[in-house]
Amino acid sequence: MSEQISDIRDNSREESVRSAMENIALIRRMIDHTEINMHRLGWLFLVYGLVFLAYSLFELFSTMIVARTSTLQTTGTVSMILSLLTYVVIAVLFVLFLRKRAAIAKIENEYTMKLFDLWGVMMFAPAALELVIYLVAVIAGDSLPAISVALLRIVFSVLKNTALYMCIFFTGHYTGSRVLKIVSAVLMILLIALFSCGISLERTVMSESNYFMQLNGMISIRSTIASFIQIFVYLGMGIYCIVKQRGSVHGDE
Amino acid sequence: MEMNNIPEMFQSKLRLMIISALIRQPLSFSALRQLTGATDGNLSVQISKLSEAGYITVRKEFAGKKPLTTCELTPLGRYSFRQYVELLNSILQGE
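As they're listed, the protein sequences go chains A and B.
Each residue of the first sequence is one higher than the last, beginning at 1 in the working numbering.
Each residue of the second sequence is one higher than the last, beginning at 1 in the working numbering.
No wet-lab data here; the hints were simulated from the structure.
Where is the CB? At the ideal position from N, CA and C, for every residue including glycine.
Any given hint could turn out to be false.
Stated by the list, open to error - Far from chain B by the CB rule (all over 10 Å, computed), these chain A residues: (1) A20; (2) H39; (3) K100; (4) M123; (5) Y174; (6) V233.
To be verified - Pulled a few chain B residues facing chain A out of the computed Cβ check, cut under 8 Å: (7) L14; (8) M17; (9) V45; (10) L88; (11) I91.
Stated by the list, open to error - Ranges of calculated distance between the beta carbons of each label pair, as one might list FRET restraints: (12) B:R33 to A:E22: 51 to 61 Å; (13) A:I104 to B:E61: 22 to 32 Å; (14) B:T74 to A:L85: 49 to 59 Å; (15) B:T74 to A:R18: 25 to 35 Å; (16) B:T39 to A:K100: 16 to 26 Å; (17) B:T70 to A:K100: 47 to 57 Å; (18) A:S83 to B:R33: 48 to 58 Å.
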């Protein structure tokens, strides 16, 4: 009799364990389907940041070297070529982004994809707009004062950086990351300080009457600083997202 | 502890799936339907039960002209879920 009771207890125990394992597997499956895979975003940020870091350093040094050693006209030409090269690089990155998106869309949940799409727009839409501004400036030529174009580019730079920092804040909110929210607030303060200081940091390196050359020869220190901040923001975001791996609105649990 | 001690709200697989899905973020009715594979009627019934028990809140609004129902886990629901997961772990560890 006692053996029968013991057998019943053992069977009951096995049943409980089996049921517990099934329920835990069910819970895990549901959570996996709703977690945001920040690892995907991390690699996107890193690739974007590294490509533009390499490109920006190359542009900075080559323009400085050419400006010191060559004529103003050559400097402008080099700057123009580098500008056009930017858009080629961005176009290639965009194609790679679309291919990556198509690949991960089959395996990731909609929440990860929404965040992936948001950052896709953030990374590539400003470049498309910049290209439009650039082409308008080139087509308008001398009829458009250089200072107007410079102001337009500065305003655009401010808007682009503002959008970037808002995206970081939103990503922090969506994934429950307090770190990202704090980083976005600090960056916003830096941006305001950078673009509102009273010192005139713009300088034109050539006095050519040719507008096209003026446009390409103009160096904006603030925009350069903002660009490098942006690059390091992407690299920092990349490392952070890869380390964090997963995100949720309610934080890590 | 035994599996027959589990709270009533976790005794249904569908309710467990709903609560698990809501752990990370609030979800719409359609997202829950897609995740759980449940029918509209069955899902509505279980959501109502969870709402009456205070485990989730249900918010109804309009996205344009389309009605949008969003479910979110309450602190009570979150706490109960943690308790339930600890129960499951204790069973697996043989306590």
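Hint check:
no.: 1; hint: A20; in the structure: 4 Å, violated
no.: 2; hint: H39; in the structure: 16 Å, holds
no.: 3; hint: K100; in the structure: 23 Å, holds
no.: 4; hint: M123; in the structure: 24 Å, holds
no.: 5; hint: Y174; in the structure: 8 Å, violated
no.: 6; hint: V233; in the structure: 25 Å, holds
no.: 7; hint: L14; in the structure: 10 Å, violated
no.: 8; hint: M17; in the structure: 5 Å, holds
no.: 9; hint: V45; in the structure: 19 Å, violated
no.: 10; hint: L88; in the structure: 4 Å, holds
no.: 11; hint: I91; in the structure: 4 Å, holds
no.: 12; hint: B:R33 to A:E22: 51 to 61 Å; in the structure: 22 Å, violated
no.: 13; hint: A:I104 to B:E61: 22 to 32 Å; in the structure: 31 Å, holds
no.: 14; hint: B:T74 to A:L85: 49 to 59 Å; in the structure: 55 Å, holds
no.: 15; hint: B:T74 to A:R18: 25 to 35 Å; in the structure: 30 Å, holds
no.: 16; hint: B:T39 to A:K100: 16 to 26 Å; in the structure: 36 Å, violated
no.: 17; hint: B:T70 to A:K100: 47 to 57 Å; in the structure: 30 Å, violated
no.: 18; hint: A:S83 to B:R33: 48 to 58 Å; in the structure: 50 Å, holds
Going through the hint list in order, the structure does not satisfy hints 1, 5, 7, 9, 12, 16, 17.
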